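Protein chains: 2
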Amino acid sequence: MKTKPDYRRYLEMVAKRMILVHKLDTLIKLILRAIVRNVHTKHAVLFLHDQGKDEYVAHVSRGKEGLKIPSGFAKIRKDNPLIRYFTEKELNIFGRDFLISDRLNYFISSKKAKKDKKLKSFLENVRFQFSLYNAKACLPGFFEDKLICLFLLGQKHDRKVFTQDELGYLSVLSSDAVMAIQNARLFEDLKTQLEHNRTLFLQTVKALATAIEAKDKYTSGHTERVSIYSMILAQELKSMGKISRKDWDKFVDDLKIASLLHDIGKIGVKETVLNKNGFLNDEERLEMQKHPLVGFSILNQVDEFQEPILGVKYHHERYDGGGYPEGLKGKNIPLIAQVISIVDTFDALTTDRPYRKGLLKEEAIKIIEENKGKQFSPLIVEAFLKIYNSGKI
Amino acid sequence: MKTKPDYRRYLEMVAKRMILVHKLDTLIKLILRAIVRNVHTKHAVLFLHDQGKDEYVAHVSRGKEGLKIPSGFAKIRKDNPLIRYFTEKELNIFGRDFLISDRLNYFISSKKAKKDKKLKSFLENVRFQFSLYNAKACLPGFFEDKLICLFLLGQKHDRKVFTQDELGYLSVLSSDAVMAIQNARLFEDLKTQLEHNRTLFLQTVKALATAIEAKDKYTSGHTERVSIYSMILAQELKSMGKISRKDWDKFVDDLKIASLLHDIGKIGVKETVLNKNGFLNDEERLEMQKHPLVGFSILNQVDEFQEPILGVKYHHERYDGGGYPEGLKGKNIPLIAQVISIVDTFDALTTDRPYRKGLLKEEAIKIIEENKGKQFSPLIVEAFLKIYNSGKI
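Line order of the protein sequences matches chains A and B. Just so we're aligned: the first sequence equals residues 1 to 393 in my numbering. Just so we're aligned: the second sequence equals residues 1 to 393 in my numbering.
Next comes chain A alone, as it looks inside the complex (with noise of 0.2 Å):
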């Protein structure tokens, strides 16, 4: 003898996972899931209400026989008739709460039926949309009144019809899928702006630090280029393991807004000795080695910079102390000022200069290994060569 399914226990265990899934797609599967394997039908399919269309879209359970739907009948449109069964009051005959084909069989080949063609034919038409699907029941899924989701039930493995044990376990599974629903794509939204204003406050940093950059005529793309390779050397030391960081992923993002923003303090130095065609005298380069304390400056008002900052307001000092603007050494310089440093340089070399023009890049490779130890952290050089041979840059 069976014993009989406990659904309660059943319905607690689904409804306490569901709400930790924050993942739509993940959450759907859970709850076809709870239907096929606790109901034991063969196959599941839940429409659920796309906001944005206004339409029904199917996802269906990978029941033991699954169900195929043919292209065209994966989204439904509200005037559906089985949307309308259940939105339209006049036409839930057999109540709102499920819907069940032998009973839609019965009265449509009743005597009542006949009298009334109008409903007669509508419920024909849900009749075929359960063959369709190969339904044998469906159930509503409502939230304040608004039908957010719609399952379908293919038969039982047992070919028996549902019992009110099993209906009683679906109605309830359907309305706590529905709140489960309902919280996912709440916390989806939420994760989708936070995204969304991550790419909107790098777009305008950007943008801004592109215009800053137009102020230097001889440099166009500089800033653009420094954060490309920056991002591919930031990789390669990850991946080298040389370096224990927890937060490469923090060090990455600050590595991103420090390197468009590097060159920023030279809004500070003057027209005329960022654009001087040729080389500058020593009062004209003191002007110009202000950039780094100036951005500094600009973007010490901003809370979460602080590690940013470090890289704009480092990128010119030297491994061996001599750079500027405090002579930092080895290991003192932060990271990210080291990171900036080389790739800075490398595309400084590798362009044209109003007096110069720009080397190869194997040139340019040969001065960087020169100065590994001098200008440059022995361990940053070995990673800038790595993707340099690799290619990446």
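Hints should not be assumed to be uniformly reliable.
When chains are identical, the list treats them as one kind, so a pair holds in a single copy or across two.
[Unchecked claim] Listed below are the simulated BS3-like cross-link pairs for lysine-lysine, each with C-alpha atoms no more than 27 Å apart in a straight line:
(1) Lys89 <-> Lys16
(2) Lys146 <-> Lys246
(3) Lys392 <-> Lys206
(4) Lys136 <-> Lys120
(5) Lys206 <-> Lys256
(6) Lys206 <-> Lys250
(7) Lys290 <-> Lys256
(8) Lys242 <-> Lys4
(9) Lys53 <-> Lys246
(10) Lys53 <-> Lys250
(11) Lys238 <-> Lys256
(12) Lys160 <-> Lys276
(13) Lys136 <-> Lys115
(14) Lys270 <-> Lys290
The hints are simulated quantities; they were obtained by calculation from the structure and are not laboratory data. Since the structure is predicted, the reported quantities are computational estimates derived from the model, not experimental observations.
We have chain A already, so just place chain B on it with the hints.
Using the frame of chain A, we list chain B on its own:
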């Protein structure tokens, strides 16, 4: 005869409401109410784990008789006997599901307790904690083996002991509550992150805008004042109700950005023109008048700036069509640009310039009034006068 309470139904109802409450405070009230009302206790206390401080913070129901927690007992540390009872396996001798004061008392005065003085002393400390909160029962809330919360229940109104049904209800409620709390916390974290990112974004835009403003040495603080005035004026326009917009909040956000960036295009204007100490000649004026279009082309790279760029591009248009860059007229000038135009002019008039001292506010207002229907839209002038007359600017 009283009907037996249907705890199953209570649970389903509470669980359903809980999942959609994402404000932790509201959720906690809901949970405590579900205890006090359905189990009829005089009060209930929820100790909720604070991840940051690794302590448990008390939230008290406003049951009929309430409970005033002496200050100092509103938080308990993780070494509190109540917490230790549930987190240390060897201590929870009555099981980990709940702890009842009667059972505790019984054990403490038993022979068994006499033999294990250490345990007895520990349980006496637990009992002391019970007495502090007038508690008769205590239930834990675990999430993945972590103690997230602890419920302390006061006496029932009927002074009887807790029934198995009640304890069963409370156990499931506690575990549902933990899920809902974790869910709400995730929501709050995401929302905090969103707000945080918004702040970061505005701070960054402001820092960069200010940096660019610094090029124009006569306009210190202009950007900030324009953005403050815009916000006040937008508020006034909204409350006047003469402009019908569904999206005022979005408009205000966009206006904030546009105000901060309205002069961003000055980055493309020659320093000599920007900083000229005197009136500009025709050629210089044309150079200066490039700035709205330069600003437009900088910000045009940012997808989401459709509305802000209109403010930047058109803030030098005039209501009578005599402005630049396009000579737009009347209602063809986007509202966002009309707002910036008037506050920009007001600030320019009231601050010192190299070739003249700033006007008094009342003098500037007079000029603005004279320009009603000429430089400025009559409606905007009307709103501007209101904020001036009420002392808001």
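Hints, verified against the model:
1. For the homomeric pair Lys89 and Lys16, the shortest alpha-carbon distance between copies (25 Å) is at most 27 Å, but the shortest distance inside one copy (33 Å) is not.
2. Taking CA atoms no more than 27 Å apart as the test, Lys146 paired with Lys246 passes between copies only; the shortest distance there is 24 Å, against 46 Å inside one copy.
3. Taking identical chains as interchangeable, the C-alpha atoms of Lys392 and Lys206 lie at most 27 Å apart only when both belong to the same chain, with a minimum of 22 Å there against 36 Å between chains.
4. Taking the shortest Cα distances, Lys136 and Lys120 sit within 27 Å of each other inside one copy (19 Å), while across copies they are farther apart (62 Å).
5. When the C-alpha separation of Lys206 and Lys256 is checked against a cutoff of 27 Å, the pair qualifies both within a copy, at 10 Å, and between copies, at 19 Å.
6. Proximity of Lys206 and Lys250 under a CA criterion of 27 Å is satisfied in both settings, with 18 Å inside one chain copy and 23 Å between copies.
7. Taking the closest pair of Cα atoms, Lys290 and Lys256 come within 27 Å of each other only inside a single copy of the chain (22 Å); across copies the shortest separation is 31 Å, beyond that limit.
8. Neither within a single protomer nor between protomers do Lys242 and Lys4 lie at most 27 Å apart by alpha-carbon distance, with minima of 59 Å and 67 Å respectively.
9. Taking CA atoms no more than 27 Å apart as the test, Lys53 paired with Lys246 passes between copies only; the shortest distance there is 21 Å, against 43 Å inside one copy.
10. Only between protomers do Lys53 and Lys250 lie at most 27 Å apart by alpha-carbon distance; the minimum there is 23 Å, versus 37 Å within a single protomer.
11. For the identical chains of this complex, Lys238 and Lys256 are intra-copy neighbours only, at 15 Å inside a copy versus 39 Å across copies, given an alpha-carbon limit of 27 Å.
12. For the homomeric pair Lys160 and Lys276, neither the shortest alpha-carbon distance inside one copy (88 Å) nor that between copies (91 Å) is at most 27 Å.
13. Taking identical chains as interchangeable, the C-alpha atoms of Lys136 and Lys115 lie at most 27 Å apart only when both belong to the same chain, with a minimum of 26 Å there against 66 Å between chains.
14. When the C-alpha separation of Lys270 and Lys290 is checked against a cutoff of 27 Å, the pair qualifies both within a copy, at 10 Å, and between copies, at 20 Å.
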